[in-house]
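2 protein chains.
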Amino acid sequence: MSASLLSRCARKSLLSKVMTPTEVAHKFFKNGMTVGWSGFTPAGYPKVVPIAVADMVEKEGAKLQFELFAGASVGAETEDRWAKLGMISRRWPYQTGKNIAKGINTGKIEMGDIHLSAFAQNLSWGFFTKDHATNPGKLDIAVVEATAITEDGGLVLGTGVGITPEILALADKIVIEVNTSLPVLRGIHDIVADPRPPHRRPFLISRVDDRIGSDLAYFDETKVVAVVESTLPDNGRGFSAVDENSKKIAGHIMDFFDNEVKQGRLPANLLPLQSGVGNIANAVIGGLAGSHFEHLQVWSEVLQDTVLDLFDAGKLDYASAVSLSLSPAGFERFYKNLDFYKNRCVIRPEAIANFSEIVRRLGVVAMNTPVEVDMYAHANSSLVGGTKMINGLGGSGDFLRNAYLSIMHTPSARKSKTDPTGISCIVPMAAHIDHTEHDLDVIVTEQGLADLRGLSPRQRAQCIIKNCAHPDYRDQLMDYYKMAEKKCLAEGAGHEPQILKLAHKMHVNLEEKGTMKLDSW
Amino acid sequence: MSASLLSRCARKSLLSKVMTPTEVAHKFFKNGMTVGWSGFTPAGYPKVVPIAVADMVEKEGAKLQFELFAGASVGAETEDRWAKLGMISRRWPYQTGKNIAKGINTGKIEMGDIHLSAFAQNLSWGFFTKDHATNPGKLDIAVVEATAITEDGGLVLGTGVGITPEILALADKIVIEVNTSLPVLRGIHDIVADPRPPHRRPFLISRVDDRIGSDLAYFDETKVVAVVESTLPDNGRGFSAVDENSKKIAGHIMDFFDNEVKQGRLPANLLPLQSGVGNIANAVIGGLAGSHFEHLQVWSEVLQDTVLDLFDAGKLDYASAVSLSLSPAGFERFYKNLDFYKNRCVIRPEAIANFSEIVRRLGVVAMNTPVEVDMYAHANSSLVGGTKMINGLGGSGDFLRNAYLSIMHTPSARKSKTDPTGISCIVPMAAHIDHTEHDLDVIVTEQGLADLRGLSPRQRAQCIIKNCAHPDYRDQLMDYYKMAEKKCLAEGAGHEPQILKLAHKMHVNLEEKGTMKLDSW
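Keeping their order, the protein sequence lines are chains A and B.
Okay, so the first sequence: first residue is 1155 according to this note's numbering, each after it adds one.
Okay, so the second sequence: first residue is 1155 according to this note's numbering, each after it adds one.
Just so you know, not all the hints are guaranteed correct.
Heads up, the list lumps identical chains together, so a pair's fine if it works in one copy or across two of them.
Unchecked claim - Derived pair list, reagent style EDC-like, types lysine to aspartate or glutamate, alpha-carbon separation capped at 20 Å: (1) 1667 x 1645; (2) 1655 x 1673; (3) 1671 x 1214; (4) 1416 x 1231; (5) 1402 x 1412; (6) 1284 x 1412; (7) 1655 x 1666; (8) 1659 x 1633; (9) 1571 x 1666; (10) 1490 x 1466; (11) 1640 x 1629; (12) 1655 x 1665; (13) 1416 x 1666; (14) 1181 x 1398; (15) 1262 x 1645; (16) 1571 x 1369; (17) 1655 x 1305; (18) 1256 x 1645; (19) 1655 x 1326; (20) 1402 x 1493; (21) 1640 x 1264; (22) 1284 x 1605; (23) 1641 x 1665; (24) 1181 x 1214.
Keep in mind that the hints were calculated from the coordinates and are not lab data.
All chains, full assembly: derive it from the sequences and hints.
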């Protein structure tokens, strides 16, 4: 046993369970098992054991397939490799990777997405595994990354929590990967159980920095079958560079915030911010770093590199998230100033971070990027062309539904294979709907911002087309809207005008001709 | 002043404000005002003042148009008459009535719907009136029905609360209608304010019968401009008779509950029930009254007559709602046994009753009827044909999103003008989407029940078509599904197969040929 592992495992009774990843793989992984992993959107996930199991399949020809449950996506070297090797029969509720997406979209992997906060509870309640032949309502095995085990048997978790408390409680067998290459992240977590109704009680979080649980995750030690050492780093997220359009979008949002503060609808330091991932999110956080706003707070799913910028600029008081979704350089920066950042951050289970109760109480300002939105403000966050899964819904619905202000930001158009603006992100009717018109307050593109609060559907459509649509599509969309309005009002059915025969014509045209630009309606 | 009014108004300083409805109408109602009404889904709404204002228009030719905000629908003699007289320019968030629906669907009334819990808070925050020329972010006048005014200046409200606390706080002027024909309903209400973020704190309700506020509604007395007497009854909701299909649906749900209890996923007395309105809801509650389930609880928007049956059968321990949505006979029954029912019911603001925080904490079992659902479990609750507003979304989203179990029940088919089963309630793609696949657990028709928990979209589609579709449509739907599956999987885009060109063909066929039965796909 390595000195490093010995120093991280103060619970001596667990030392007898130490083994190698290969031993764990051979001893405990059987075909058809339901498997839970710690971690969230590549941070804090188990590495050496999943890799060893994949090696069994790839190098030894083992026939193994699993139902895989993890809080969100995890590193490609684990889930995407499992998918490539045909090792995943079922995956909930989110994923990232070329091979896993291919498996899902060709019908080889049964995947489903659901609001992340609902995922955590529904898994606990046995909803996802209720029909499993041998172990209904439970998980067969949980693999959890930790940075240390305390003397009293608590886990100091890693950089992402996800559904770790739930799988520790739900699994028959627990494998702990102690990652000795990471600092011991003691004190950054706030782990609390989410009891099953009717036993739920209020989660007494009224501020971003409130803590209601333990900094350790506890579990039934008799279920631990193995402790292994890992020295593999988190597979940090690549940083999305900020482009001109993203800067324009961020500018519109800063103007909007300014006016909301002026009108008394937002406090001077705004309200806790939730920001998705990608270049627009980075531009918005960058915009805040360069703004006059101070004493900001973040209540989000993931902390990206730009949040560190916001801390360093002295603008951010506190941040809460489910994981540190940093780039390799971001992780280095975080660990270098660990004492500084650790006292200003908390990492929580997704059951708590995404819980409607707290998002709504805090009055989060939610900002996310969709695939497309339609003129009535329904949004597609998951399925290109209405059928092809990208990653999943994630927590977008948890935040947009419960936010004080729900903002979706998107470029007005994207390139298709043959046309630099072949895809309009504003369409008559979204090809798939993850978020409805009842949930969005503001849509913003580089063209401008549409404040939809209090508008009827017909007002909304005109506002979105005028303010947000790309000039290449503005007239085409307005022509459709006017045509639909005329038809539906005449029929006395015009609350939200559509012509169902034509509503997806732009999508069909893209499929058939490579662009959403129509010859005619 | 009548003796009855005198006996109901113990706050003597308000007696100087007593006037007739006609005086109030002439003195305080000006064209273009923003107006808030108490009440909810015809109960507890103001009557004599709205009627007097309508009389001014109808009998005196006054030109008056208002922006009208009330918790949900109110009696037809008020809002629908206002609509008929062209007195409503704008209406949020729900309505009932032939004339108001006509005004909305012909573009004469700007209406919008939003989750009722979001409506209450967004109105408070000034979102709906932020662009009003003379009084942005506020309401000009609130008209509130009460059954008494206490000596310390509190209102004993009527049979429905809706957004009463919000409009009392938000309006410049307050008119109080004291309804002396109703019993003084002291003790049945639980009124609590919902502070604006960042000042929100947990709502400490962990049981259906928990109370966290006052039984009285308080307000700034200096804003009261008039007190009037009303003796008009609530315009009780007609009772929907239970048909054979509804009984079958209720039977499937009882079997489902039985099995959930057996599997340990529901306690023996279930969890708090939310039930919508209409004949299926009545059949389900009727089914429970005749079942072996005991010590039930209800956490809902409205209490209908069948809830009284459940009390009388000794099955129901406690019920919480926003209003008593009873038939005239139901009201009589309720008032006759007021002491019994009053100690077993609480009426709350919709901001609390529909709040995600509490719905989720309690683990409500939500049951609602949609216009249609699609094969992936997206539901249309509001717009026939995707464009024509019926009533509005109401609280369906508040409950379905946050429930422990989200159930939608519908007949598998409805009649069109020319075909007894011309409308399939299971379609390939809903013509409008209010609730997404991420929110529904169970769909049930008279044909059977589809338990969708843990199923991927492709599994879901097959399960819904097989278990729930009407035999007249089963093959047609399965043919579409198989065709879409084949195409999309071959293209590597088959997570949720659709063919956008055909996805609404059944709706278009209905429009053009009077039935959803196709000659061919």
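Taking the hints in turn, this is what the structure says about them:
1. 1667 x 1645: between (33 Å within a copy, 16 Å between copies)
2. 1655 x 1673: both (16 Å within a copy, 17 Å between copies)
3. 1671 x 1214: Result: close neither inside a copy nor across copies, 52 Å intra and 55 Å inter.
4. 1416 x 1231: neither (49 Å within a copy, 41 Å between copies)
5. 1402 x 1412: For residue 1402 and residue 1412, only the intra-copy Cα distance (15 Å) is at most 20 Å; the inter-copy one is 56 Å.
6. 1284 x 1412: between (50 Å within a copy, 15 Å between copies)
7. 1655 x 1666: both (16 Å within a copy, 11 Å between copies)
8. 1659 x 1633: within (13 Å within a copy, 22 Å between copies)
9. 1571 x 1666: Within. Shortest intra-copy distance 12 Å satisfies the 20 Å Cα cut-off; inter-copy 37 Å does not.
10. 1490 x 1466: Classified as within; 13 Å inside a copy, 68 Å across copies.
11. 1640 x 1629: within (16 Å within a copy, 36 Å between copies)
12. 1655 x 1665: Both: 16 Å inside a chain and 11 Å across chains, each within 20 Å.
13. 1416 x 1666: neither (48 Å within a copy, 52 Å between copies)
14. 1181 x 1398: neither (53 Å within a copy, 56 Å between copies)
15. 1262 x 1645: between (46 Å within a copy, 13 Å between copies)
16. 1571 x 1369: neither (49 Å within a copy, 64 Å between copies)
17. 1655 x 1305: neither (66 Å within a copy, 63 Å between copies)
18. 1256 x 1645: This pair counts as between: shortest inter-copy Cα distance 10 Å, intra-copy 45 Å.
19. 1655 x 1326: Neither: 52 Å inside a copy, 48 Å across copies.
20. 1402 x 1493: neither (35 Å within a copy, 63 Å between copies)
21. 1640 x 1264: Cα proximity of residue 1640 and residue 1264: across copies only (16 Å, versus 43 Å in one copy).
22. 1284 x 1605: Result: close only across copies, 11 Å inter versus 44 Å intra.
23. 1641 x 1665: between (27 Å within a copy, 13 Å between copies)
24. 1181 x 1214: This pair counts as within: shortest intra-copy Cα distance 14 Å, inter-copy 89 Å.
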